[in-house]
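K.L.:
Here's the letter readout for the chains.
Number of protein chains: 2
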Amino acid sequence: MERKGLHVAVVGATGAVGQQMIQTLENRKFPVETLTLLSSERSAGKKVVFKGQEIEVQVAKPESFAGVDIALFSAGGAVSKALAPEAVKRGAIVVDNTSAFRMDENVPLVVPEVNESDLTWHNGIIANPNCSTIQMVVALEPIRQAFGLKKVIVSTYQAVSGAGSQAIEELKTQAKAILAGESFTPEILPVKSERKHYQIAFNAIPQIDKFQENGFTFEEMKMINETKKIMHMPELEVAATCVRIPVMTGHSESVYIEVEKEGISAEQIKRVLKEAPGVVLQDDPADQLYPMPADCVGKNDVFVGRIRKDLDRDNAFHLWIVSDNLLKGAAWNSVQIAESLLKLGLVNL
Amino acid sequence: MERKGLHVAVVGATGAVGQQMIQTLENRKFPVETLTLLSSERSAGKKVVFKGQEIEVQVAKPESFAGVDIALFSAGGAVSKALAPEAVKRGAIVVDNTSAFRMDENVPLVVPEVNESDLTWHNGIIANPNCSTIQMVVALEPIRQAFGLKKVIVSTYQAVSGAGSQAIEELKTQAKAILAGESFTPEILPVKSERKHYQIAFNAIPQIDKFQENGFTFEEMKMINETKKIMHMPELEVAATCVRIPVMTGHSESVYIEVEKEGISAEQIKRVLKEAPGVVLQDDPADQLYPMPADCVGKNDVFVGRIRKDLDRDNAFHLWIVSDNLLKGAAWNSVQIAESLLKLGLVNL
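Heads up: the protein sequence lines correspond to chains A and B, in order. Each residue of the first sequence is one higher than the one before, counting from 1 in my numbering. Each residue of the second sequence is one higher than the one before, counting from 1 in my numbering.
Treat the hints as calculated values from the structure; they're not laboratory data. Don't be surprised by glycine CBs; every beta carbon is placed ideally from N, CA and C. Honestly, I wouldn't trust all of these hints.
Computed from the model, here is a short list of chain A residues facing chain B with C-beta under 8 Å [stated by the list, open to error]:
id	residue
1	Ser155
2	Ile168
3	Lys172
4	Ile224
5	Lys228
6	His232
7	Val243
8	Gln288
9	Tyr290
All chains, full assembly: derive it from the sequences and hints.
P.N.:
Here you go:
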């Protein structure tokens with residue numbers, strides 16, 4: 001007998017991404033019969049409205065996942081490592097928004113516009129890529145399909161909401177203090193658990209996540225490694241510099257690419273992007289039309305503009321890619337994976 | 001008979017850069033005997049303090065330059081085009097901070113750390129490069145000297161003060177309005193004379209100056225063409241994407257370079273930059289040390305950090321370059337050119 005809907009759990013339900021996940025499930029009319037909202041002890045007991053009904057957030061524990069079909073995790077890597085296998089054990093499919101399982105070769109790392117078919121070989125856990133990676137590969141995959149792809153160099157302009165609700169508050173509080181000529185003490189950014197914290201209001205911080213031995217940050221290495229995995233291109237040259245700027249929501253990326261084919265024009269790149277799934281082309285210099293983070297908030301699409309052919313290399317191009325990091329970069333991509341699981345018959349009503 | 005000092009004129013004395021020029025002349029103890037402050041009719045009559053004395057700003061006209069030894073221009077391209085030749089006719093050497101003469105082959109384009117000797121063939125006018133270009137070439141020239149340079153790709157994170165005092169006010173006003181939940185109307189950025197204006201507070205605008213036919217902005221083409229001219233490398237591959245971010249003062253740049261020599265390490269690049277004139281190396285990931293615009297304000301140096309060897313190409317590196325766009329990017333480079341003119345005997349006490 002067909003059910004009316006699925007039993008969905010959201011882990012990290014009170015966080016910046018969790019809230020967007022719940023909203024996105026409602027907006028997309030995802031067939032939810034039961035919604036279980038889970039969090040740490042600290043946030044348990046809060047009430048969240050879903051489709052007009054109040055749902056109380058409960059403490060996440062192994063038993064919480066009994067009967068759950070799909071569990072969307074966004075409560076930090078440690079929670080995912082501890083509880084995702086417990087959810088799988090109880091029959092749930094986990095869509096994990098943390099970096100805990102992304103590079104695990106038994107776990108597909110999925111952006112539906114790019115590699116939806118990787119969902120078919122999942123073993124219970126599906127990883128949602130890093131926000132900066134998702135919006136970039138959505139724009140690069142149609143170019144790769146049409147013209148091949150050899151090299152990517154990206155510099156990011158990342159919003160503070162990528163670091164959570166506390167970082168949004170910190171930006172607001174600091175900006176107010178600076179405009180009022182008052183003092184303040186940075187406490188959250190660039191990385192809460194790091195020893196040093198820096199001003200983000202009216203500043204730019206070239207550190208997102210901690211540093212690795214090779215001088216790149218983990219955020220930069222996520223973009224590099226995840227792009228290769230999602231696009232099935234271990235040989236692709238990718239380099240990233242990740243920078244936090246004083247924007248609440250909406251990541252921007254300045255991207256240089258080299259394609260395989262020679263003789264391609266910027267017009268041909270634009271034509272491909274115009275037809276690409278999940279992409280909105282915003283590129284008309286004569287009308288000052290280009291994507292900006294302030295315009296992308298609340299939208300599921302990836303916006304691309306400033307497309308130019310390089311002046312020196314025939315096969316090189318420059319792009320400017322913007323998207324809502326909480327939606328396509330996190331909540332929407334996770335719900336979209338859930339929609340794909342239904343569509344592909346990997347989960348059934 | 002040796003004079004006590006020179007007769008210096010500052011054109012655009014009440015602007016963001018002009019004010020910094022006057023302050024820099026004082027801070028550097030530049031030998032000024034007479035300081036003539038000039039502006040448009042709108043700002044004439046204002047009084048500016050120099051070395052404890054009030055000087056009244058006068059309307060700039062051809063006769064204003066009688067007896068002037070060095071005239072520092074920063075009042076827009078149209079003013080420079082009209083009055084710089086008049087100043088030269090009256091015997092002054094002009095250091096022009098606008099783009100009016102930069103690509104004129106009879107005009108040297110000078111960053112003293114890079115090409116001071118180009119001052120010797122001046123014909124009355126010396127051009128001060130674009131702010132974004134200056135800080136980049138100060139960091140790249142010592143690398144070029146040591147290891148050769150083939151390719152540069154830069155993405156900028158530019159402060160609003162590069163667009164003048166009105167843009168600083170606009171950022172503050174907008175930020176206050178947004179934090180208070182009030183409405184506002186963008187009027188200055190990205191380009192005052194353009195048809196459309198966009199929010200800069202908590203946003204990023206990928207347009208600085210107007211667009212050219214080829215899809216690049218004039219700002220981007222300035223970085224490309226000026227870098228080649230200053231470094232005497234017409235064959236250098238340079239590409240730029242210029243972006244305005246909500247920072248008052250201090251431009252940041254994410255720069256990818258390919259050097260000629262193979263087998264160079266990031267340590268070797270750091271060692272070269274540590275000894276380079278005008279450069280301060282701030283690069284210690286273990287101590288979260290890297291340059292940020294909020295730290296560079298009021299300083300003459302160019303700060304470089306986040307130096308990493310590319311993971312794919314042996315001869316490629318990534319750098320993060322930050323400097324005060326009103327100082328090394330404008331006022332300090334202009335006064336530094338004046339100091340070089342004295343040092344080289346091209347102007348005499």
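K.L.:
Does the interface hint hold: is A/Val243 within less than 8 Å of chain B, judged Cβ to Cβ?
P.N.:
For A/Val243, the interface hint holds, since the closest Cβ of chain B sits about 7 Å away, which is under 8 Å.
K.L.:
Once the shortest beta carbon distance from A/His232 to chain B is found, is it less than 8 Å?
P.N.:
It is violated, given that the least Cβ distance between A/His232 and chain B is near 17 Å, above 8 Å.
K.L.:
So, as I understand it, the hint says A/Lys228 touches chain B; can you test that by seeing if any CB pair is closer than 8 Å?
P.N.:
violated, 11 Å
K.L.:
Tell me if A/Tyr290 is really an interface residue toward chain B, meaning its C-beta lies closer than 8 Å to one of theirs.
P.N.:
holds, 5 Å
K.L.:
Was the hint right that A/Ser155 lines chain B, CB cutoff 8 Å?
P.N.:
holds, 4 Å
K.L.:
Using Cβ atoms only, decide whether A/Ile168 comes closer than 8 Å to chain B, and label the hint accordingly.
P.N.:
violated, 10 Å
K.L.:
Would you settle whether the hint for A/Ile224 is holds or violated, based on the nearest Cβ-Cβ distance to chain B being less than 8 Å?
P.N.:
It holds, given that the least Cβ distance between A/Ile224 and chain B is near 7 Å, below 8 Å.
K.L.:
Please verify that hint: A/Gln288, Cβ, nearest Cβ of chain B, below 8 Å or not.
P.N.:
holds, 5 Å
K.L.:
A closest beta-carbon separation below 8 Å is what the hint needs, so does A/Lys172 meet it against chain B?
P.N.:
holds, 6 Å
The structure fails to meet hints 2, 5, 6 from the earlier list, while all remaining hints are met.
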